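Trainee: Using the hints provided, position chains B, C and D relative to the given structure of chain A.
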Amino acid sequence: MAGFADLNLPQGPDKKSLQSLLETAAHLGYSTVALNHVIDFKEKKQEIVKPVCPSELFPSLPIVQGTSKRIKVLTRLTLVVSDPSHCNLLRSTSANIRLYDIIAVFPKTEKLFHIACTTLDVDLVCINVTEKLPFYFRRPPVNMAIDRGIFFELLYAPAIKDSTMRRYTISNAISLMQICKGKNIVISSAAERPLELRGPYDIANLGLLFGLSESEAKAAVSTNCRATILHGETRKSACGVVYTVKKPRKVEEEETTLPACKKAKTQA
Amino acid sequence: MARAEAAAATFERRVLRGAAEHQYLRVRLELPDGGARPSVAQLKQLVVSALRELHGEVGAALPVDILTYDAKTLSAILRVISSGLVKLWSALTLLGSYQNRRCAFRVLQTSPFLLALAGNSRELVLD
Amino acid sequence: MVRFKNRYVLCEVVSEDPRCRQCIEDRAVGLAVRDAIGRIHGDYGLACCSISFTVKYLNAYTGTVLLRCRKDSYRLLCSALPFVRQLESRGQRYPCCLRTLHVGGTIRTCQKFLIQYNRRQLLVLLQNCTNEEERQCIQKSLLSCSLTEEQSRSGDEEDDDGTETD
Amino acid sequence: MSVPSLQRLRQVPRHLLVCEKGHARDARSRHAAHVRDHAYNCRVSFLIPECGMLPEVLKSTIADVGDYYLVRNLSVHELVAHEFIDAFVKKGSCYALTYNTKIDQDNTAALLPTGKLILSVDKDTYEELGLQGRPSQYSGKKAMRYIVTIDLTDSTFHPDSKKRNRVLWALKEKKPLEFDFLLAWYNTGAEGSTLMSYFSKKQIQALKPKITFSTLRDLQCPVLQSNELQGKPEESCSTEELFEWLGAVWNQVSLDNKSSSFLSTYCCPQPNMMVEKAFLCTITGFIIPEKIIQLLEQLCCYFGEPKLAYWLTLTVHGFADSPVSWRESEHGFHKGGENLYNFVIFRNLDYWLQLAVGTYDDCPP
Chain A
1271 MAGFADLNLP
1281 QGPDKKSLQS
1291 LLETAAHLGY
1301 STVALNHVID
1311 FKEKKQEIVK
1321 PVCPSELFPS
1331 LPIVQGTSKR
1341 IKVLTRLTLV
1351 VSDPSHCNLL
1361 RSTSANIRLY
1371 DIIAVFPKTE
1381 KLFHIACTTL
1391 DVDLVCINVT
1401 EKLPFYFRRP
1411 PVNMAIDRGI
1421 FFELLYAPAI
1431 KDSTMRRYTI
1441 SNAISLMQIC
1451 KGKNIVISSA
1461 AERPLELRGP
1471 YDIANLGLLF
1481 GLSESEAKAA
1491 VSTNCRATIL
1501 HGETRKSACG
1511 VVYTVKKPRK
1521 VEEEETTLPA
1531 CKKAKTQA
Chain B
1157 MARAEAAAAT
1167 FERRVLRGAA
1177 EHQYLRVRLE
1187 LPDGGARPSV
1197 AQLKQLVVSA
1207 LRELHGEVGA
1217 ALPVDILTYD
1227 AKTLSAILRV
1237 ISSGLVKLWS
1247 ALTLLGSYQN
1257 RRCAFRVLQT
1267 SPFLLALAGN
1277 SRELVLD
Chain C
68 MVRFKNRYVL
78 CEVVSEDPRC
88 RQCIEDRAVG
98 LAVRDAIGRI
108 HGDYGLACCS
118 ISFTVKYLNA
128 YTGTVLLRCR
138 KDSYRLLCSA
148 LPFVRQLESR
158 GQRYPCCLRT
168 LHVGGTIRTC
178 QKFLIQYNRR
188 QLLVLLQNCT
198 NEEERQCIQK
208 SLLSCSLTEE
218 QSRSGDEEDD
228 DGTETD
Chain D
41 MSVPSLQRLR
51 QVPRHLLVCE
61 KGHARDARSR
71 HAAHVRDHAY
81 NCRVSFLIPE
91 CGMLPEVLKS
101 TIADVGDYYL
111 VRNLSVHELV
121 AHEFIDAFVK
131 KGSCYALTYN
141 TKIDQDNTAA
151 LLPTGKLILS
161 VDKDTYEELG
171 LQGRPSQYSG
181 KKAMRYIVTI
191 DLTDSTFHPD
201 SKKRNRVLWA
211 LKEKKPLEFD
221 FLLAWYNTGA
231 EGSTLMSYFS
241 KKQIQALKPK
251 ITFSTLRDLQ
261 CPVLQSNELQ
271 GKPEESCSTE
281 ELFEWLGAVW
291 NQVSLDNKSS
301 SFLSTYCCPQ
311 PNMMVEKAFL
321 CTITGFIIPE
331 KIIQLLEQLC
341 CYFGEPKLAY
351 WLTLTVHGFA
361 DSPVSWRESE
371 HGFHKGGENL
381 YNFVIFRNLD
391 YWLQLAVGTY
401 DDCPP
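Chains as they are written, first to last, in my numbering: chain A, 1271 to 1538; chain B, 1157 to 1283; chain C, 68 to 233; chain D, 41 to 405.
In isolation and in its complexed conformation, chain A is listed as follows (with noise of 0.2 Å):
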């Protein structure tokens, strides 16, 4: 079993902030977090930008509580696509998007969601869990995603901070788990605050309220996420066998295999 996981914690302008909730998901035990730059395309045009390096961003990570070890943050781009032309971004293979270890897709209709499911290369579909669904989830769609090794990421921080958001949560959540089966389920934050973050342990037990099965629930906030991490990756690399990587100083491409891409799903 993988250590527990984080898959969204927003990228804010504030830099400050984001310390003191890496500090508290550090602290809470979880050994991995991704920093989450959302993009929606409503709003103008928007630039993908590089992703911001961890290491730059934060001289020293804070260390996971009971261990030696110091947190792992990742990056994740989220696109909320409300048209069908806005998947174009994706396909195209623009070189910014690549830099990001996990991409995620918000459908905001049901064709967008189809289309994300089935053919969109993405690491994650997120699910509204902010108002009522707006449309319903069809069979064929998630389990295709299921066998692409796609994964269906719930929030909890909006149940948190208003009791609407938390019904929508929960009836959005149970109407999923009746056609996904609870598989292929990642539970992330999106805690804007370190009080709005929550244990691993908790959240393991809160998905039982969302109809998973309790090693279903602590699969979401662990073993399913470093499927998606290790399915990011695959894209970076050749049907996820070949990898190349930049030396640091020679400008010269090298080839290693990384095992543990092997296992991962791919459907390159």
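Since the hints were derived computationally from the structure, they do not count as laboratory data.
With a Cα cut of at most 20 Å, we get these calculated EDC-like pairs of lysine to aspartate or glutamate:
#1 A:LYS1339 to D:GLU218
#2 A:LYS1342 to D:ASP164
#3 A:LYS1339 to D:ASP220
#4 D:LYS182 to A:GLU1484
#5 D:LYS248 to B:GLU1279
#6 A:LYS1402 to C:ASP102
#7 B:LYS1200 to D:ASP296
#8 D:LYS181 to A:ASP1417
#9 D:LYS272 to B:GLU1177
Quantities reported herein were computed from a predicted structural model and do not represent experimental measurements.
Mentor: Then chains B, C and D, alone, in the frame of chain A:
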């Protein structure tokens, strides 16, 4: 007592599977710096109101006991009947505010045995 | 495609105030039931029950209401029904209560039950009659109500007839 | 979906409590074996009612619990080295357990006094190691955790054997595993090199167990009868009641509440008696079973002279993240990772033994 000393006890073994009546949680309430700290009665009220919000009157009716409370560290040991563990835990998880200010319950340990809460090796600092 | 199993809860609005009938409408009943679920089972109960919850059929004259919800959560719904206290519509508010008559897996079983039930109610009325004219009238309506196969087919195309009576 | 989601909310995580009774001096009694089989203990505590001062014998036993060692960044292959096996594993009881690793998240290793090295590793590490193992009992259909057991004292594990070379190669070159280890070694008589000198080139620290004493005044104690495990209404309390009461005492829970109290309705089980004072002692550290057996023996001897107390208790907590609980039965961490046991020793040397485990555990022996 004299009677008991007469005959040495014969070997007997009882296995109790999942028979614990209660579950115990060690929790700590996290509040932003400054501001009022709840008294033990307020803490209980907070727990019950969290249960009422998420699980309604049925949830609020769950017997929850506050076995210990340390106002300095805001940590407490709660006891709940076994069938109410998931409800209580989830209610604490989704509780977001105390007296209109943000707060968070950190569940440090849960166990069906109160004795297990006395010695948690994960919190042990040996070096 | 696997179908989602639903439960249909047939209940009767009981009120001492005859004006309450005006309030028996989809929205008012739905709101009253939701309110009760929210009170009894909180946000979690509401979230569970809200999936596919609707007022499926409603008869303001007899006061019968048919509610639908997911099979997983019908226990939450049923346990909250006794706590419905009032119906509210157009600023009017009347105290009433809901009596669960039947819980069925399909609309058809509920319909069957309802016809049976109404028939029995008519018999009760028949015994309470004071004059011949009333008697005649009720007997006539008693004979006219029957469930034929053709009628029921047109109901719901669902094959699950797991019924549960309480 | 076999379990409807509503029922899931009422489910209780699996747990087991095994209660035994017997006589400490009975030749067939297995109580010492239970102590010996539980290798990794982080906390030992005992409670003696009606005792203000500890007898000297007990004091010296506690002082003798002995040091343990913390070695930082120790490669696992060092434990497989035949110098180590010859010097420690074969010459006494050698205990090793990784420190600050979490069994549900990280790789974990443990060396049992029987000479078995147990590695509990995740799927990636297992595949890279290339050693034979088995999937963990508790990792579900898709195994994400594997257990590798290597018997260091096996006759086929001599310095030049193929098997040993492969293990060494796997741990040295294929996938070097490094941990902080807690070490303890117990041998009878024969001196030899010590762990301290053997690992002198490493970062090694000798640590002393932490010992705390305290005395409680006016404590309500349940009345127990040694031959009534289940208790008798109005006469004595059952083992479960005692177990909860003991937890309450160690967690400083107030014992006198009313059933109408708003805050807590817990109260001392009935019937009970007021005890003027009770002596509490806690030892925390990496405590080996041999020392616990000595302590248990001394506690039995406590009743050698007439005492006011009817019984006393000895509680031992295991490490939540050790890969084994009793003997070699696999241990995992789901929500609490409990593995603990408690002795109640009566004045006539009858004993009760309560063994408790959490979700990912076999039934104790």
